[in-house]
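Asker: Sequence order for the protein chains is A and B.
Going by the working numbering, the first residue of the first sequence is number -13, and it counts up by one from there.
Going by the working numbering, the first residue of the second sequence is number 17, and it counts up by one from there.
Calculated from the structure, these hints are not laboratory results.
All residues carry an ideal CB built from backbone N, CA and C; glycine is no exception.
Treat the hints with caution; some may be incorrect.
Unchecked claim - So the derived list for chain B, only partly shown, Cβ under 10 Å to chain A, looks like this: (1) Asn19; (2) Met26; (3) Thr29; (4) Glu57; (5) Pro59; (6) Thr60; (7) Leu103; (8) Leu116.
Claimed, not checked - Have a look at the derived ranges for each label pair, beta carbon to beta carbon: (9) A:Asn14 x B:Asn19: 45 to 51 Å; (10) A:Met13 x B:Leu67: 23 to 29 Å; (11) A:Lys4 x B:Leu90: 45 to 51 Å; (12) B:Glu71 x A:Val0: 29 to 35 Å.
These are the residues of each chain, in order.
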Amino acid sequence: EAQVTQNPRYLITVTGKKLTVTCSQNMNHEYMSWYRQDPGLGLRQIYYSMNVEVTDKGDVPEGYKVSRKEKRNFPLILESPSPNQTSLYFCASSSPRQGGWGYTFGSGTRLTVV
Amino acid sequence: GQNIDQPTEMTATEGAIVQINCTYQTSGFNGLFWYQQHAGEAPTFLSYNVLDGLEEKGRFSSFLSRSKGYSYLLLKELQMKDSASYLCAVRVDQTGANNLFFGTGTRLTVIP
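Looking at chain A on its own, in the form it has when it is part of the complex (with noise of 0.2 Å):
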């Protein structure tokens, strides 16, 4: 199944305790992106990458960031997580083979950091 997963689904972090969220798509697509989704301010991009070693900056990235060694994995990295970086995250793959270039979602991580 053509697919975006994300882990952990749920995580509850102390501040200044190192994470990794990651994200792996099954789907060979060139493009991945993070957003994080608040109450009132929608999903905002936190970083994306157009290929293999090529990333950016969105419009949220301070305190994060992302690599992308291989083309399926695009893992979001907290090296010194704060309470505003509580959130939900998702990431996204998308190609110009799929339609539009639409996003898929991976399924999301709620992460609560204390």
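Dock chain B against chain A, hints included.
Answerer: Just chain B now, kept in the frame of chain A:
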């Protein structure tokens, strides 16, 4: 920057028709998407418009006017399961990047 506006909430009756509007102001417009998102779940693709006009897909239709910076999503024969948030997203041409910018979403409640 991108400015995308849609109503925050709407309520409609089961079996009725509802229209959700979206207006946008962007540079480098290159397509408009509608997504459906049930609470706590991932957004799922509904429709895509890049040219002016109406795209119909079953009970759902989407319209685009590029000159007016306006789109709407039309949902017919509403069902209770259509209660969800509907996200308008604009694709902007940024040196080949496929970036979508999302509105804050319209939460639709379908009542019996």
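Asker: Could you run down the list of hints and mark each one as holding or not?
Answerer: How the hints compare with the structure:
1. Asn19: 12 Å, violated
2. Met26: Since the shortest Cβ distance to chain A is 16 Å, the answer is violated.
3. Thr29: 26 Å, violated
4. Glu57: 7 Å, holds
5. Pro59: Holds - the Cβ of proline 59 (chain B) comes within 10 Å of chain A, reaching about 5 Å at its closest.
6. Thr60: Constraint on threonine 60 (chain B) satisfied, holds at 7 Å.
7. Leu103: 7 Å, holds
8. Leu116: 6 Å, holds
9. A:Asn14 x B:Asn19: 45 to 51 Å: Since asparagine 14 (chain A) and asparagine 19 (chain B) have Cβ atoms about 34 Å apart, the given range 45 to 51 Å is violated.
10. A:Met13 x B:Leu67: 23 to 29 Å: 26 Å, holds
11. A:Lys4 x B:Leu90: 45 to 51 Å: 47 Å, holds
12. B:Glu71 x A:Val0: 29 to 35 Å: 48 Å, violated
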